[in-house]
Amino acid sequence: MATNDELKNQLANKQNGGQVASAQSLDLKGLLEAPTMRKKFEKVLDKKAPQFLTSLLNLYNGDDYLQKTDPMTVVTSAMVAATLDLPIDKNLGYAWIVPYKGRAQFQLGYKGYIQLALRSGQYKSINVIEVREGELLKWNRLTEEIELDLDNNTSEKVVGYCGYFQLINGFEKTVYWTRKEIEAHKQKFSKSDFGWKKDYDAMAKKTVLRNMLSKWGILSIDMQTAV
904 MATNDELKNQ LANKQNGGQV ASAQSLDLKG LLEAPTMRKK FEKVLDKKAP QFLTSLLNLY
964 NGDDYLQKTD PMTVVTSAMV AATLDLPIDK NLGYAWIVPY KGRAQFQLGY KGYIQLALRS
1024 GQYKSINVIE VREGELLKWN RLTEEIELDL DNNTSEKVVG YCGYFQLING FEKTVYWTRK
1084 EIEAHKQKFS KSDFGWKKDY DAMAKKTVLR NMLSKWGILS IDMQTAV
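Residues in the sequence shown are numbered from 904 upward in steps of one, following the numbering used here.
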C-alpha cells in the first residue's frame, strides 16, 4: 500500500490545465478526482470503488472536525479501510476515520475486529456485549467461568463488558472487564476522547476485543496490522 509521501509525490506530477497541481493545494474532492488516486482505489476495491469514495466524501462533508485535518491523511486512512475491505460509515462500527491534532487517523471498530477474525477462517464464533446492572451473576477470573442472566437487568446502566471467542479447534476464551477497568485503560492509552465521547460502548467493546485477540487469538495478517 502506498504511503502518504508516495501518494503526494505521484499527485505532484499530475498535470491540471497545464499547471502542476501539488497534493498540498488540493482539497479532498480534488485529491479523489485525480486519476492517479482513483486508480489506486479501483485497484484495491474494483467495482466497489465509486461507492466507497462517495461514502468517504459524505463522511468528510458531514464532519466539521475532519474537514480541519490534512486531506491527504484522510485519503491514506481511507486507503487502510479499503485495503481491509471495511466500510467507513461511522454508524456501522466497522472502521472510523477520526481527527487528531490536525491529522486524520484510521481506527478499527469492534465490528471490524469481528469481521477480520471471521474472515481468517480460524474462529467458530466471536462476540462482545455490554453487561447491564443485574445481569452479571458470577465471574471467576481464574477459571473464566461466567454466569449471566441477560433478562435480569435492573436498569440500563452498563457495568461491564464481556468478550468471547471459540476457535475451530475448540479453544475458547472468555473475558470480563468492569466499567472501572475500561475507564482506567482509556485514561492510560487513549490519545483522544473523540471516539469515546461519541460512542463509549463501541469504544469499550473494541478495547475488550482488541486486548483479547492480541493476547489469546489467532491473528491473520490483516488482524496483525489492525491489532
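Derived by calculation from the structure, the hints in this document are not laboratory data.
One or more of the hints may lead you astray.
Label pairs and their in silico Cβ distance ranges [as the list claims (entries may be wrong)]:
id, residue 1, residue 2, range
1, Lys971, Arg1044, 40 to 48 Å
2, Gln970, Lys1118, 18 to 26 Å
3, Gln970, Asp949, 43 to 51 Å
4, Lys1118, Asp949, 31 to 39 Å
5, Phe1074, Lys1101, 28 to 36 Å
Since the model is a prediction, treat every value here as computed from it, not as a measurement.
Even glycine gets a Cβ: it sits at the ideal position worked out from N, Cα and C.
Enumerated hints in conflict with the structure, sorted upward: 2 and 3
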